[in-house]
Amino acid sequence: MAVILGMKPVVLEGFSVEPEQRELVKLLGERHVRVGEEDPGDAKAAKIKEAIAKALADARSLIEPKGIYEIVTGGEIEGPPGFAELERVAICICTIGMALEETVKAAIGAGRMLEGIALDAVGSAAAEAVARYMNDRIDETAAAEGLRTSCRASPGYGDWDVGGQRRLFDLLPAERIGVTLTPGAMMVPRKSVSFAVHIDRNPVRLRSENSCRNCDMDTCPYRLDDE
Amino acid sequence: MKEHLEQCMQAIVDGDSPKAAELAKASLDKGYPVLEVIEKGFARGIREVGRLWEEGELFLPELVIGAEAMKKAMEVLRPALEAGEAAEKLGRVVIGTIEGDIHDIGKTLVATMLSANGFEVTDLGADVPVKRFVDEAEKTGADWIAVSALLTTTMPGQKRVIDELASRSLRGKIRVMVGGAPCSKEWAAEIGADGYAGDAVAAVALARQKTA
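One line per chain: the protein sequences are B and C, in this order. Numbering-wise (our numbering), the first sequence opens with residue 1 and increments by one. Numbering-wise (our numbering), the second sequence opens with residue 1 and increments by one.
These aren't lab readings, by the way, just hints derived from the structure by calculation. One or more hints might be untrue.
[To be verified] Distance condition first, Cα-Cα at most 16 angstroms in a straight line; then the derived EDC-like pairs of lysine to aspartate or glutamate:
{"#": "1", "chain 1": "B", "residue 1": "K105", "chain 2": "C", "residue 2": "D123"}
{"#": "2", "chain 1": "B", "residue 1": "K47", "chain 2": "C", "residue 2": "E3"}
{"#": "3", "chain 1": "B", "residue 1": "K44", "chain 2": "C", "residue 2": "E57"}
{"#": "4", "chain 1": "B", "residue 1": "K47", "chain 2": "C", "residue 2": "E6"}
{"#": "5", "chain 1": "C", "residue 1": "K19", "chain 2": "B", "residue 2": "E70"}
{"#": "6", "chain 1": "C", "residue 1": "K30", "chain 2": "C", "residue 2": "E3"}
{"#": "7", "chain 1": "B", "residue 1": "K44", "chain 2": "C", "residue 2": "D14"}
{"#": "8", "chain 1": "C", "residue 1": "K173", "chain 2": "C", "residue 2": "E138"}
{"#": "9", "chain 1": "B", "residue 1": "K8", "chain 2": "B", "residue 2": "E70"}
{"#": "10", "chain 1": "B", "residue 1": "K54", "chain 2": "B", "residue 2": "E85"}
{"#": "11", "chain 1": "B", "residue 1": "K105", "chain 2": "C", "residue 2": "D127"}
{"#": "12", "chain 1": "B", "residue 1": "K44", "chain 2": "C", "residue 2": "E138"}
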């Protein structure tokens, strides 16, 4: 499919994803996520690993990946600084659906906090994986024309105001994948991702790249050294 | 008894709920003073968990199972507390995520940690109207209202809670703490909140420090 302006929105569904390991490490801690690479350690570590393994197993039947994207001009979106002049930008909204979120809510409501936060983290990691899957499909269509894509930019991250979310939802018929926006510009289901990438021979570099390296919080437990 | 208190502390640090409940029961069986068991045993454990979390030694799952173990111990000890010695009243907190915002987990963690540390907590859930925060705080005689907002678009609701308190002349009586990813000390100062807490452990420290 050609990466052309004015193309009809592309809906993808029925694909499967593996929750992103890196996101899980960030949310739950490296020593709990790297299962099988070492002795499980003490009873506490074993309990947490078991909860994460269960969450990963449960998530398989709870995740329903879907995504939609189209190509617009940078001027059509209220994007981050510098996007207005860009000729071709892919915008995408994707989700893992509602089922996992409802299970998390039930677990936490019943006081099963560890089970709830483990499954929630797996949901976040799966939403990232869905975004990556969609990003990869956009990359492939761009590559077919000898073009490359920038890193992802999302409303509410870095210097893109969360208000820009509304414009993305005006442009993309996200109801086709079951994603809606609350009056406060929040996506429902929560485990959804919206993003834009610049498509070009020489795509722009975003300020938000290498976010950990540029951050001063040296002792942050979520810091990723290799980012 | 000293060794027993050490074990109580360790059960919380280890996040071992069955052990914590067992030790709590043993404390009662042996006739140890309940307040001392809590303060020098279990509560010391949850404070240690908080300290390790702040230092980046522990991750979220460990904080959560520490709080769960604390809850189990307290379930066993609470009836004895209520029957006999006067419990140390740290204060009452009404907590929720502001209207328009359905993020729930961070707020629930704050509620769990406050409760594990001895505060009486009323958790109103997410998407809570401004008036409901103040109604519940009045009803329960709360010392604090803790308002979470995870979006820049819902943050103004935190200020409206403070305005509502002012309109009912409760501003000096009930304190307000704010938290959530987009919030900061500066934002708390700007809207006239009594404090900002960046995470569950900071919320406990703030509530302890300022509840007289």
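ask   = Given the proposed pairing of K44/B with D14/C, does the C-alpha separation stay at or below 16 angstroms?
value = This hinted pair holds, its Cα atoms lying about 6 angstroms apart.
query = Does the alpha-carbon distance linking K47/B and E3/C stay inside the 16 angstroms limit?
reply = violated, 25 angstroms
message = Check whether the Cα positions of K105/B and D127/C lie no farther apart than 16 angstroms.
response = holds, 14 angstroms
Hinted pair K30/C and E3/C, Cα distance within 16 angstroms = Holds. K30/C to E3/C sits at ~13 angstroms (cutoff 16 angstroms).
query = Taking only the CA atoms, is the gap from K54/B to E85/B under or equal to 16 angstroms?
reply = violated, 47 angstroms
key: Pairwise hint evaluation, E57/C against K44/B, where the allowed Cα distance is 16 angstroms at most   = With Cα atoms ~14 angstroms apart, K44/B and E57/C stay inside 16 angstroms; holds.
inquiry  = Would the hint linking K8/B and E70/B be met if the CA-CA limit is 16 angstroms?
reply    = holds, 7 angstroms
inquiry  = Just to be careful, I want the Cα atoms of K44/B and E138/C compared with a cutoff of 16 angstroms; is the pair within it?
reply    = Given that 16 angstroms is the threshold and the Cα spacing comes to 40 angstroms, the pair is violated.
ask   = Are K105/B and D123/C close enough, with their CA atoms no more than 16 angstroms apart?
value = Satisfied, since the Cα-Cα distance of roughly 14 angstroms is no more than 16 angstroms.
message = Against the 16 angstroms threshold, does the CA-CA distance of K19/C and E70/B hold or violate the hint?
response = It is violated: about 56 angstroms lies between the C-alpha atoms, which goes past 16 angstroms.
message = Checking one constraint from the list: CA of K173/C to CA of E138/C, max 16 angstroms. Satisfied?
response = holds, 10 angstroms
request  = Given the hint that K47/B pairs with E6/C, test it: the Cα-Cα distance must not exceed 16 angstroms.
outcome  = violated, 22 angstroms
The structure fails to meet hints 2, 4, 5, 10, 12 from the earlier list, while all remaining hints are met.
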